[in-house]
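Undergrad: As they're listed, the protein sequences go chains A and B.
Using the working numbering, the first residue of the first sequence is number 1, and each one after it goes up by one.
Using the working numbering, the first residue of the second sequence is number 1, and each one after it goes up by one.
Honestly, the hints are just simulated from the structure, not real lab data.
A hint or two may mislead.
Each pair may be met inside one copy or between any two copies, as identical chains are not told apart.
Pairs of lysine-lysine residues, derived as DSS-like cross-links and limited to a Cα-Cα distance of at most 30 Å, are as follows [what the hints assert, rightly or not]:
# : residue 1 : residue 2
1 : K30       : K56
2 : K38       : K126
3 : K251      : K30
4 : K397      : K371
5 : K83       : K302
6 : K105      : K126
Protein chains: 2
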Amino acid sequence: MAKDNQFVSQIADIETDFPQWYTDVVVKTKLVDYGPVKGTMVIRPYGYAIWENIQKELDSRFKAMGVENAYFPLLIPMSFMTKEAEHVEGFAPEVAVVTHAGGAKLEEPLVVRPTSETIIGYMMGKWVESWRDLPLRQNQWCNVMRWEKTTRPFLRTSEFLWQEGHSVFATGEEAETETLNMLRLYEEFAKNVLCMPVLTGRKTEKEKFAGAVATYGMEAMMHDGKSLQSGTTHYMGQNFAKAFGVQFTGKDGVLEHGYTMSYGVSTRLIGALIMTHGDQRGLVLPPPVAPVQVVIVPIAAKKEGVTEACAALCGRLQKAGFRVKLDDSENSPGWKFNEWEMKGVPIRIELGPRDIENGKMTVFRRDTCEKNELDLAAAERETGASLAEISENLYRKAEKRMHERIVDADTLDGLLKGVDGGNFVRAGWCGCRACEDKVKEFAQATARVMDKENSAQKCVVCGKPSVHTVLFARAY
Amino acid sequence: MAKDNQFVSQIADIETDFPQWYTDVVVKTKLVDYGPVKGTMVIRPYGYAIWENIQKELDSRFKAMGVENAYFPLLIPMSFMTKEAEHVEGFAPEVAVVTHAGGAKLEEPLVVRPTSETIIGYMMGKWVESWRDLPLRQNQWCNVMRWEKTTRPFLRTSEFLWQEGHSVFATGEEAETETLNMLRLYEEFAKNVLCMPVLTGRKTEKEKFAGAVATYGMEAMMHDGKSLQSGTTHYMGQNFAKAFGVQFTGKDGVLEHGYTMSYGVSTRLIGALIMTHGDQRGLVLPPPVAPVQVVIVPIAAKKEGVTEACAALCGRLQKAGFRVKLDDSENSPGWKFNEWEMKGVPIRIELGPRDIENGKMTVFRRDTCEKNELDLAAAERETGASLAEISENLYRKAEKRMHERIVDADTLDGLLKGVDGGNFVRAGWCGCRACEDKVKEFAQATARVMDKENSAQKCVVCGKPSVHTVLFARAY
Chain A
1 MAKDNQFVSQ IADIETDFPQ WYTDVVVKTK LVDYGPVKGT MVIRPYGYAI
51 WENIQKELDS RFKAMGVENA YFPLLIPMSF MTKEAEHVEG FAPEVAVVTH
101 AGGAKLEEPL VVRPTSETII GYMMGKWVES WRDLPLRQNQ WCNVMRWEKT
151 TRPFLRTSEF LWQEGHSVFA TGEEAETETL NMLRLYEEFA KNVLCMPVLT
201 GRKTEKEKFA GAVATYGMEA MMHDGKSLQS GTTHYMGQNF AKAFGVQFTG
251 KDGVLEHGYT MSYGVSTRLI GALIMTHGDQ RGLVLPPPVA PVQVVIVPIA
301 AKKEGVTEAC AALCGRLQKA GFRVKLDDSE NSPGWKFNEW EMKGVPIRIE
351 LGPRDIENGK MTVFRRDTCE KNELDLAAAE RETGASLAEI SENLYRKAEK
401 RMHERIVDAD TLDGLLKGVD GGNFVRAGWC GCRACEDKVK EFAQATARVM
451 DKENSAQKCV VCGKPSVHTV LFARAY
Chain B
1 MAKDNQFVSQ IADIETDFPQ WYTDVVVKTK LVDYGPVKGT MVIRPYGYAI
51 WENIQKELDS RFKAMGVENA YFPLLIPMSF MTKEAEHVEG FAPEVAVVTH
101 AGGAKLEEPL VVRPTSETII GYMMGKWVES WRDLPLRQNQ WCNVMRWEKT
151 TRPFLRTSEF LWQEGHSVFA TGEEAETETL NMLRLYEEFA KNVLCMPVLT
201 GRKTEKEKFA GAVATYGMEA MMHDGKSLQS GTTHYMGQNF AKAFGVQFTG
251 KDGVLEHGYT MSYGVSTRLI GALIMTHGDQ RGLVLPPPVA PVQVVIVPIA
301 AKKEGVTEAC AALCGRLQKA GFRVKLDDSE NSPGWKFNEW EMKGVPIRIE
351 LGPRDIENGK MTVFRRDTCE KNELDLAAAE RETGASLAEI SENLYRKAEK
401 RMHERIVDAD TLDGLLKGVD GGNFVRAGWC GCRACEDKVK EFAQATARVM
451 DKENSAQKCV VCGKPSVHTV LFARAY
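Same shape as in the complex, but just chain A:
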């Protein structure tokens, strides 16, 4: 137990200092490290493997929707950014700019993409000619850059990895439908792959993407009750199509502008799952994305047959399709327990001489921190069942917390009390920007998403009739 305490003491208290807990966990588990330039991160192998699993799951979903992957240039002419008025206003303050290249000053400065609506709009303007070319659905997995003042690994860094999907449709209706379909795709993915419940809905004008007609977001509740925007989809109407000449000849022979939409999630999702599932011991990784789903720790490894039995079990489970690691290092079992618990491996199997003799294995579940003795002969089935139970349990736990922590308020004081208590607060809103700003000023909370139905009577700020019921929260 001394070792246990020693490890736990390396991580700040999750309840009293959640920001430090987060930093401790992401650095000590080697998910990430700080890069040499302020605000940059290095995604280390253990973190990158989570990203690869996220990519694989999302990519197959996109492809099933008819989306094709492509790659567009990193550098965007500065003049492109200014073609959509709201877009430049939103992104210009945070872009990084290439002014020199190949030993000379460039004629026009180039922006390192903060997002690619403009350059993809330009290319789609070249490609789309007739209604036969539509819909056009493309996606890219790439790096983007937004120069942020305060940064934190995965949550907000100057450079991050993401996917950005961009599609053109012949009608606004189709583009809007796709915008909502992609939001549902993200929601399903969050639930089934990240084991993370989310709330989805439309964003307010203030919170929407710069240049969009409508932005939809999914928000997840973190351990501290704050919200993390985990994915967004945007309906652009004809804004970008007009700015970049994306035109097509319709079936009726008439030339018309297309309707575009875009959608993205990023390495921020790694931050989201850490802050959703983590506990005092460290990471708790959802089985579908865990780089190691099962770690096997030999007990009394020098006793006859233990090493062989562990290797055999490892081989069996790998063959069954699980991601398994056999920790046959020189460290003590207690050290290994702590290490892999901190690293959030869903299942630990301990196998010693007595287990082997009895045809048993000791299975530790990271989510409940409980041990069970299970049949060694049924290891494949038991592992599969346990991983499924862990996924289910992680989701249910997070969902229960989220629902317990959504409260209603009909006054600003009530709203403040709600968010101070680590809750999301549902309240009426008249729809005006002044009242939205007032909430921010008074309670340091922002409108996360709007409910589909307006169930509130009056605006939580001014008392005028409510137009939208809004979920307010403090957010990352």
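Assemble chain B onto chain A, guided by the hints.
TA: Frame of chain A, contents of chain B only:
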């Protein structure tokens, strides 16, 4: 046949104007398009799908070697570049530089990575402490930027996609062995996945990577007899370890610098396979990376049962694991034949009422342009066998051409005549830079790789005793 000619006429003659043939093919088959900034490219879905297949094949090979993926920042402090003297000399002239970000001038300009030895060296310096941390093998799939004067899609563009692997070892011997092992991995990959024969060997001092002790390259012969450098591996000795303080405590307790190596291939490989296998009709894609391996074209599609039979066949082949497309568009069969031949699909299956009645299918092989009637009932087996034969045949054809076109020379005139005739020329070299430069000046050819054995008697330029037998060629 009118349509046939119409299509062929869109592509420049492969024998008399190979550069234009290349441009025509990559643009018309929608592999790639030109980006808005000079020297940039957009990799379109058909091209990107090839890259995804390349990535998948290479990535599994790297992982089997114990390499882990990670992600390092795009922007590198300018001061890092200058820490290794040769490195900065080699790369400084072609970097793009970020001078402004977040609305302000940066204190230190940041370089958009042309390669990541410096920043990865810096991070590895932080991570490596003891011999227990070694070997450390990491790789990243990312974009890099080199501001080039003359550009061509896939072959040379200001931005391109690649993988760069970087490893640290405790001894120079291990690092050198890994450098050669990775070269062999690339060679095996080129053969079995790209169906492309390559010649491998060490580069001369002039041609080596800026900062390396030794660079090894693989060179492939293109249709026009020119060479394309298709992959390189570099042994760095302690050059970068010393520049970035990559030090470890050995088993003996002594602090020592590590030995590093790196290796990379890029989207250039797509250009390589196009120029290796392509013909007058357009692309000829190797089955292992072809986005579509089999296209099914219905004949007399409106006749009863044809559409259903084609869909059933498509389903069967997809289930068997092949990448299959059923072209049920409104276009005529002749139009489809041309389109998919130009796009290089390895196998076309034509299925009409008579075929169905006879239990047959007509199979067109893109490599030989021959048609065969095969049993419909054995479609899975026949398709697998044909794809394997195509891969084998593509490799043999390219290998035969390459070996026929390697000639020996013992005079500069002979060397010039050789490369003028579209050959690689094997010749003796005294090892001095002046003679290497003379070959370039006289024959516009460069030293591609050096043979392991020095089989030549004297230097092709100065006549002094030969120290290395060198493969000279004109190169992309």
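Undergrad: Any of the earlier hints contradicted here, and which numbers?
TA: 5
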